[in-house]
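Please arrange chain B on chain A, whose structure you already have, making use of the hints.
Going down the list, the sequences are from chains A and B. According to the working numbering, the first sequence is numbered sequentially starting from 1. According to the working numbering, the second sequence is numbered sequentially starting from 1001.
No lab work stands behind these hints, which were simulated from the structure alone. There is no bait here: all hints are sound.
So these bits of chain B aren't anywhere near chain A, every CB distance computed over 10 Å: (1) Arg-1004; (2) Ala-1227; (3) Asn-1236; (4) Glu-1237; (5) Glu-1242; (6) Glu-1294; (7) Glu-1297; (8) Leu-1318; (9) Arg-1323; (10) Leu-1349.
Label pairs and their computed distance ranges (CB to CB): (11) Met-1219(B) <-> Met-137(A): 16 to 22 Å; (12) Pro-1189(B) <-> Pro-161(A): 53 to 59 Å; (13) Gln-1053(B) <-> Glu-162(A): 34 to 40 Å; (14) Lys-1038(B) <-> Gln-25(A): 49 to 55 Å; (15) Met-1219(B) <-> His-79(A): 14 to 20 Å; (16) Ser-1231(B) <-> Asp-255(A): 55 to 61 Å.
All residues carry an ideal CB built from backbone N, CA and C; glycine is no exception.
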Amino acid sequence: MSETRAGHTEAEALYHRPAGLTDVQMRYCPGCTHGTAHKLIAEVLEELDIIERTVAVATVGCSVYAYEYFNTDAVQAAHGRGPAVATGIKRASPETIVFTYQGDGDLAAIGLSEVIHSAQRGEKMTVMFINNAVFGMTRGQMAPTTLVGQKTTTTPLGRDPEMSGMPMMICEMLSTNPGVAYLARETMIDPKTVRSAKRSIRKAFQTQIDGAGFSLVELISTCPAWWHKTPLEAMQWVRDEMLVQYPLGVFVDYDG
Amino acid sequence: MTQRVMMTGNNAVAEGAIASGCRYFCGYPITPQNDIPKYMAEHLPEVGGVFVQAESELASINMVYGAAATGAYVMTSSSSPGISLMQEGLSYMLGSELPCVVVNMVRGGPGLGNIGPAQSDYWLATRGAGHGDGRCLTFAPDSVQELHDWTFEAFGIAQKYRAPVMILGDALLAGMSEPVRLREHREPPPRDQEWAVGGLREGRQRRIVNSLWTDVEVMEELNQRIAARFSQARENEVRWEEYGADDAEIVLAAYGISARVCKTAIDDLAEDGIKARLIRPISLFPFPVEPFREWSERVSRIISVELSMGQLIEDVRLAVEGRCPVDLVGHSGGVMLTPDEVVCRTKELL
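Chain A with its partners taken away, still in its complex shape:
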């Protein structure tokens, strides 16, 4: 084998699919950040060596097939009920690491009660909250997190707060909840934010391993298909619009 650069051999893999992912091709659209989120979670599961004792809870939305992608045991939950299902798994099998993977329709609309009460009970689980301000799988309806003025199929003139209220701020809402041990909002639009997102995801799972309480990471995500933007425009729209409404940061850190 010949030396190429910086002491690496040709046969040495510099990048590989994380062991936390299966070899199944994902069904996500070009420019959607679900793939990045999956990869980061899978890398964290591998690095923390918890793949073999993790149960992923897939919910309803574009990520409904998450049970095919994560290389872990998995349970598919009814729309919005992921945190209740995760509660049952964790209480009946406390040695298991449990996480839900939920979009904004699933978590902030139909499943708001389940996530708040799981947090309230301090369930030792981790929630991955994908916020792309729209219902994706059902073709682009308004979500609770849709921005003011954002056009969706059910807000054709743009979201009007008089008609539909203001965007729902999940992290801000949960930040006063005493059961929450780790809470952060991240995005994945450039290498810096991707690295930061991974740090928070890792911390969220570590929180559960430490038995410290409920952990949630909100990932501000893209939906080029239903934002009617190119992938690059979608990234820019996150920077210009989404992050103004949803400031990034760590809201709660039990050991920070």
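Using the frame of chain A, we list chain B on its own:
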């Protein structure tokens, strides 16, 4: 043989579950079943179990779904409006082939109704495990002893058929006290089902609990698998009791608390020289077709006596297949039947 103790129906259910090896209970308050969660909250921790008070019946049944996915014996209990909310979860459990036990202490309805005794959830239980092609294996005890025994047995049945089992009681059975011979406690069985998730995988293949099948052929295979299990239940789990004259001229059909009323009515009718027989379905689904088929050829008519506006009567008519008339004597909305009323109506119809 252990001594008998006085116990309410609710407490007998809870004790039956713990004796059977149930260690996980999730529930939400609703009258008239509140003594079940109370008993579980008090006694589950003593045997290393976990009680969770959920924020709603939606959450209860989905916590049950999660715990069941780990292979554990798990139960919830509620009453009619709460069982309506659980329908989605029951459908998911059936679709994901997960066992659980659900107790419904039925109250008057529809809507918020009241907390009187009723049997108006017969269809909800026997026709409904929510949307889709499913139903609940349903057992209807008629005494505090039977509530205890059937709750004990229900966990094994649920595991055998990988499906929700419903115990159907009512407000009266829930609250009344009777002597009960309690079951010996047994240890929870090992969670060695080939489908159970969680725990340490230790190299085994990963497992998925799921009811999503976009390939319609695969979806139909699941439905056929469930239907085959129900057929198997029709072979093995049909239970009924018969009471009264062997040469009866009329048959009363009743389950649960209505059957208790009918037993008194049958004794009273006998004193008046009228030979009547009770057929009491214990398993409501699978339904005991055979005794109704047999007796429909020997009596002038069958009367369905129920605390609903005519639900059990449909299964009786299906079993009878037109061989004799089937009439309804019923109350609903929390109004209780009396033996005198059953006697009078039987005489009128005879």
